[in-house]
Amino acid sequence: MSISLRRIPARRFVMPKLGRMFSQVRVSNLRRRYGSFFPLLMGTVTLFLIFFGGVYAYMEIEGWNYLDSFFMVLIALSTVGFEEVHPLSEKGMILTSILILLGVGNFAFLVGSFTQILVEGRLQTVWGRLRVQKAIDGLSNHIIVCGYGRIGSIAVREILREGIPVVSIEKAPDLLAKMEEDDVLYISGDATDDEVLDRAGISRAKALITALSQEADNVYVALTARQINPDLYIVARADHETHISRLERAGADRVMLPHTLGGVRMAQSVLRPTVTSFLELTLSKHELDLNMEELEITERSEFKGKNLIESKLRQRFNIIVISIKKADGKMIFNPSAQTVLEEGDTIVIVGNKENLRELWEII
Numbered sequence: 001m002s003i004s005l006r007r008i009p010a011r012r013f014v015m016p017k018l019g020r021m022f023s024q025v026r027v028s029n030l031r032r033r034y035g036s037f038f039p040l041l042m043g044t045v046t047l048f049l050i051f052f053g054g055v056y057a058y059m060e061i062e063g064w065n066y067l068d069s070f071f072m073v074l075i076a077l078s079t080v081g082f083e084e085v086h087p088l089s090e091k092g093m094i095l096t097s098i099l100i101l102l103g104v105g106n107f108a109f110l111v112g113s114f115t116q117i118l119v120e121g122r123l124q125t126v127w128g129r130l131r132v133q134k135a136i137d138g139l140s141n142h143i144i145v146c147g148y149g150r151i152g153s154i155a156v157r158e159i160l161r162e163g164i165p166v167v168s169i170e171k172a173p174d175l176l177a178k179m180e181e182d183d184v185l186y187i188s189g190d191a192t193d194d195e196v197l198d199r200a201g202i203s204r205a206k207a208l209i210t211a212l213s214q215e216a217d218n219v220y221v222a223l224t225a226r227q228i229n230p231d232l233y234i235v236a237r238a239d240h241e242t243h244i245s246r247l248e249r250a251g252a253d254r255v256m257l258p259h260t261l262g263g264v265r266m267a268q269s270v271l272r273p274t275v276t277s278f279l280e281l282t283l284s285k286h287e288l289d290l291n292m293e294e295l296e297i298t299e300r301s302e303f304k305g306k307n308l309i310e311s312k313l314r315q316r317f318n319i320i321v322i323s324i325k326k327a328d329g330k331m332i333f334n335p336s337a338q339t340v341l342e343e344g345d346t347i348v349i350v351g352n353k354e355n356l357r358e359l360w361e362i363i
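Sequential numbering from 1 applies to the sequence shown in my numbering.
There's no promise every hint is true.
Derived DSS-like pairs: lysine-lysine, alpha-carbon spacing no greater than 27 angstroms straight-line [claimed, not checked]:
hint	residue 1	residue 2
1	K325	K353
2	K325	K306
3	K353	K326
4	K206	K178
5	K353	K312
6	K304	K325
7	K312	K206
8	K312	K325
9	K134	K91
10	K330	K312
11	K326	K312
12	K330	K306
13	K353	K306
14	K178	K134
Keep in mind that the hints were calculated from the coordinates and are not lab data.
Please work from the sequences and hints to get the whole structure.
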């Protein structure tokens, strides 16, 4: 006796599993996106499905037109007690009973969800976050800072002093409260989540600072950010020199070691206290009317192709050019008067606020 085995296509088993998996992912994303409003959203969607499903059922079972079916469902779900539009068959009576039970149950669920939001005091918070998200959606050429700890909060504060819009990403509840106090635009979530980065407007941002405590998270953020926005300037935090190469391979333009920088600054404060104080004053911008800035020579710049004498930067704006970073990365310190400014060069200048403001207005 031979037994014939029929080959069953694998897709009969694979496709339903994939469908369930994607459905779970979509629901999980919606739950994370809408938070406290998720039950209210699901209840509203269910109500619409019940309503229009009932309209279709009346049209099929009773043979009524759309308007009569619509009105009958409205009567059943609202339980106002009006008479039937037309005499009901036995199946129609069963359908009406089901609609009444579903309508009452769904309405009770909606009321309970809304009451829970009010009782827990979430409504004002949620509306506030929606306003913040709307403000973030309107930003462009802003800076994103991942992490609002000791390092990230200082970075945010310095950027805001420059008048540049900044968005911080943080998930720690105590730091979220701190950002509320500091009146900082922020996204509550995990910076390693692509959706969170998207909500922060990463595709429209000009720079990103990832100052998370875990090196693996900083690597992932740098890698993801570089894939989403290839033109983004990325600065990453590292705790050890061995981590620098990993972050650079992940896409970071510059890697900073806070502990190393802090140690160097302390040593220089002892070895060269006057120089250190001068640099701190020129970079702080709020204690001295003397600023250090950088200016890129673009294709449209009036200084392109001119040497320092021809540019008349000193005569017109009373500023000093202390160094020039060439387009190939070469740094020229104390450039001569005959040094030619070329497209892609970045000049480091020192001057008072008013003169620098006049220069920025021209360029």
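Each hint, compared with the structure:
1. K325 to K353: Roughly 22 angstroms between the alpha carbons, so the hint for K325 and K353 holds.
2. K325 to K306: Cα-Cα ~16 angstroms, so holds.
3. K353 to K326: Between K353 and K326 the Cα gap is close to 25 angstroms, so the pair holds against 27 angstroms.
4. K206 to K178: Since the Cα atoms of K206 and K178 sit roughly 25 angstroms apart, the hinted pair holds (cutoff 27 angstroms).
5. K353 to K312: Satisfied, since the Cα-Cα distance of roughly 18 angstroms is no more than 27 angstroms.
6. K304 to K325: holds, 14 angstroms
7. K312 to K206: Distance of about 31 angstroms is beyond 27 angstroms: violated.
8. K312 to K325: holds, 19 angstroms
9. K134 to K91: violated, 49 angstroms
10. K330 to K312: Measuring from Cα to Cα gives roughly 23 angstroms; hence the hint holds.
11. K326 to K312: holds, 19 angstroms
12. K330 to K306: holds, 19 angstroms
13. K353 to K306: holds, 24 angstroms
14. K178 to K134: holds, 21 angstroms
The structure shown violates the earlier hints numbered 7 and 9.
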